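Q: Here's the letter readout for the chains.
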Amino acid sequence: MDFDFSDDQKQLRDQARKFLAEKCSPKAVRVVLDGKAPYDKELWKGLAEMGFLGVAIPEEFGGAGAGHLELCVIAEEMGRANAPVPFSSTVYLAAEALLIAGSEAQKKKWLPAIASGEAIGTLALFEGKGNPAPKNVKLTAANGVLNGVKKPVADGAIADFAVVAARTGSSGRENDISLFLVDLRDGGVEVKNLTNLDPTRGQAEFTFKDCKAEPLGAAGEGWSILTQVLDRAAVLCAFEQVGGSDRALEMGRDYALDRIAFGRQIGSFQAVKHMLADMYVSATLARSNSYYGAWALSTNAAELPEAAAAARISATQAFQHCAKNNIQVHGGMGFTWEFDCHMYYRRANAMALGLGSLSYWEDQLIDRMRKKNAA
Amino acid sequence: MNFDDTPQEAEFRSLARAWIGANAPRQYEDELRKSSLGRTVLKNANILEVAKAWQKKKADAGWACLHWPKEYGGRGSSPIERVIWQQEEGPFGQLSRMFIIGHGMCGPTMMAFAREEHKRTYLPPLASGEKIWCQLFSEPAGGSDVAGLRTRAEKDGDDWVINGQKIWTSGAHYSDYGILLTRTDPTVPKHKGLTMFFLDMKSPGVEVRPIKQASGASDFNEVYFTNVRIPDHQRLGEVGDGWNVSLTTLMNERSAIGAAVSTGFPELFEYCSSLMLDDGPAIEDRAVRSKLANWAVKASGLKYTSMRAISALSKGERPGPENSIGKLVAGSMIQDVATYALDLQGAAGVVSGEDAELAGRFQAMLLRAPGTRVEGGTDEIMRNIIAERVLGLPGDIRVDKDVPFNKIPTKGRG
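In order, the protein sequence lines correspond to chains A and B. Numbers 1 to 375, taken from full-length UniProt numbering, label the letters of the first sequence in order. Numbers 1 to 414, taken from full-length UniProt numbering, label the letters of the second sequence in order.
These aren't lab readings, by the way, just hints derived from the structure by calculation. Treat the hints loosely; a few may be bogus.
[To be verified] Using 20 angstroms as the maximum straight-line C-alpha spacing, the simulated PhoX-like pairs for lysine-lysine come out as follows: (1) A/K151 to A/K209; (2) B/K57 to B/K131; (3) A/K27 to A/K45; (4) B/K291 to A/K371; (5) B/K303 to B/K327; (6) A/K45 to A/K18; (7) A/K372 to B/K291; (8) B/K303 to A/K372; (9) B/K202 to B/K192; (10) A/K151 to A/K109; (11) A/K151 to A/K212; (12) A/K10 to B/K315.
Here the structure is a predicted model, which is why all the values come from computation and not from measurement.
The shape of chain A in the complex, shown without the other chains (with noise of 0.2 angstroms):
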């Protein structure tokens, strides 16, 4: 058994940790969060040099063909980084759909300009409350133009395309559901920034009326490359949750190192020790979870499905948890703008919502255990 990452894959880790420190640190994260700018364009050219936003990316598309495991390692340092991107809408959702279920010319367009920094993507998924679920697809297809309204997007106020969940019959089931592929630079779209709880990555609501598209995959085919989609998003999601679980934490036991009150230094004190040591336990729990999804992801296993809920809620939760005390663990000046506790706070609780929110996880995960001692 080697349940560990490779040397080389260790490697990729520590060259995009020293990446990020010099070209993300929180001065350049907060230069977006003040809203300056939507996302760090420098970053993102940075990154696409570096070959990092094509890392999964096959070769003949423009990318460096390393794999999964390679992607899990620069999300877990693009979440340590806090970093103001649209890494996981471009490179986890628009990405992973096009090489799931793109053809052979829409690969050929998008992947290589994902690739190389020139193109942004997103999926368009919601609309409004609710959770993953073909009868929340209210949007319709219909002869080649969509009509209806997503929202939230993320980083859909950048994107140069979409794919758009969209509904393409009545018989109320799965079927249902199409995807299509949306060039947003075409014009056809009503774009409005909504603001949010995380500000380095934003959030668009999408009117579409009678907007060109065309399909992405196969007609019905919709709602199982969605699940596929958001599997495997659920997965490098959790590595950037662990990264930020693991930055939350160094900054809670910093600070507590640094920190001298009632004469001596606070993380003496049990309270705040304790606390350090719970999110420590979270965070090495959402690890581990993490790890065997990305395993599952990387050999395509049949326990994917259920490895990628379980990474999801375990990191969700470790992120939380993390943000949170950590805020606690600084006092007072955890709270404030100043302190960079909140950046981390913010893209914690964003993030839990992402997806799907916890619940719904919780709910997949148990669904899929059943089917598999039903197996």
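Got chain A sorted already, so can you dock chain B onto it with the hints?
A: The following block gives chain B in isolation, referenced to the frame of chain A:
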């Protein structure tokens, strides 16, 4: 990243599997598989006898105490082979419970500190299960403050004379030998005045009184010492160096990774899959599903954390303090799981024993679970270990650190 054995590991596994397949006491497999925390019993056999017979069989064929050197009754296996053995032994591993302290802690301490002739005399029958050992550390006033012990050892000629009391001694009522931590100098700070011995539990002046636990069972004992004589050659380590000797013992406790910690989750999941509530199957209920999912990811997180540790072992790395999380997480989880299983039973949950749902499985778990959070280090001590040794936070302030032991105030039982 893979779950495959190396060729050497695969070869060892197939040897182990074949031997276990041909020799394990299959007639008890089902009962052992269905046992859970607080409920390991064999209906028609004495578990101590069954366990001793299985251990002897293993020893005769060279499968006992895998990590010990051959000359002391072991196999000289690598740590990873020990883990593979545990995986293959499966439910029969439950039979090793009464040997855990002897094999995991007393034996290694003897190996590190006993005279060669003692090692050759005492270790092989310990490995083969013919003799059972216990560990006499905890005291009523000590609790988590192990070094606060008060049992006195005073030199008298070539012997030491022991007076005092130990508590929470697992298995003392069926043990043949024990390792004993005593105070030999109360005028120096508490960690400096301790000395370790081993002794025959049948020595005159040793009295063992089983403690009835909250669960009704008696796994632990009080042990009283009245003028018990131990020859000086049974001393382990130097006079006054007992604390360092005991740390070796406690470090060995940690290396027993790979053994699955009981969380109660598989039992609860199975129960909810068949249980009918007023409004339909429990597994269809949203609130039940949410609870199950939360525990599912804790259980799988522990499982894969242990697999990461095993991977590190197979590369020759040593287990670190981060392995403390297993007991910490599992301990409170099994308590919560049992509480919830009874909640699902409604008023009927109050009934325990054979008349209860599933023959009282969750009730037994509930009543035994508090012990898991205390034994081998309380939750609070585990959190201290993680905070101090993994995260590098300062140690607790110890007001008794430089004070002579006989000047430290004490009160209450631990």
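Q: Each of the hints needs a verdict: does it hold here or not?
A: Each hint, compared with the structure:
Of the pairs offered as hints, the one joining A/K151 and A/K209 holds, with about 15 angstroms between alpha carbons and a cut-off of 20 angstroms not exceeded. Between B/K57 and B/K131, the direct Cα distance comes to roughly 14 angstroms. Compliance with the 20 angstroms bound is thereby established for this hinted pair. The hinted pair formed by A/K27 and A/K45 meets the criterion: a straight-line CA distance of about 18 angstroms does not exceed 20 angstroms. Of the pairs offered as hints, the one joining B/K291 and A/K371 holds, with about 18 angstroms between alpha carbons and a cut-off of 20 angstroms not exceeded.
The straight-line distance between the Cα atoms of B/K303 and B/K327 is roughly 12 angstroms, inside the 20 angstroms bound, and the hint therefore holds. The straight-line distance between the Cα atoms of A/K45 and A/K18 is roughly 16 angstroms, inside the 20 angstroms bound, and the hint therefore holds. For a cut-off of 20 angstroms, the pair hint linking A/K372 to B/K291 stands: about 19 angstroms separates their Cα positions. For a cut-off of 20 angstroms, the pair hint linking B/K303 to A/K372 stands: about 18 angstroms separates their Cα positions.
Taken as a hint, the B/K202 and B/K192 pair is broken in the structure, with Cα atoms around 29 angstroms apart against an allowance of 20 angstroms. Of the pairs offered as hints, the one joining A/K151 and A/K109 is violated, with about 26 angstroms between alpha carbons and a cut-off of 20 angstroms exceeded. With a CA separation close to 19 angstroms, the supplied pair A/K151 and A/K212 stays within the 20 angstroms bound. As the CA atoms of A/K10 and B/K315 are separated by approximately 16 angstroms, the hinted pair is consistent with the 20 angstroms bound.
The structure fails to meet hints 9 and 10 from the earlier list, while all remaining hints are met.
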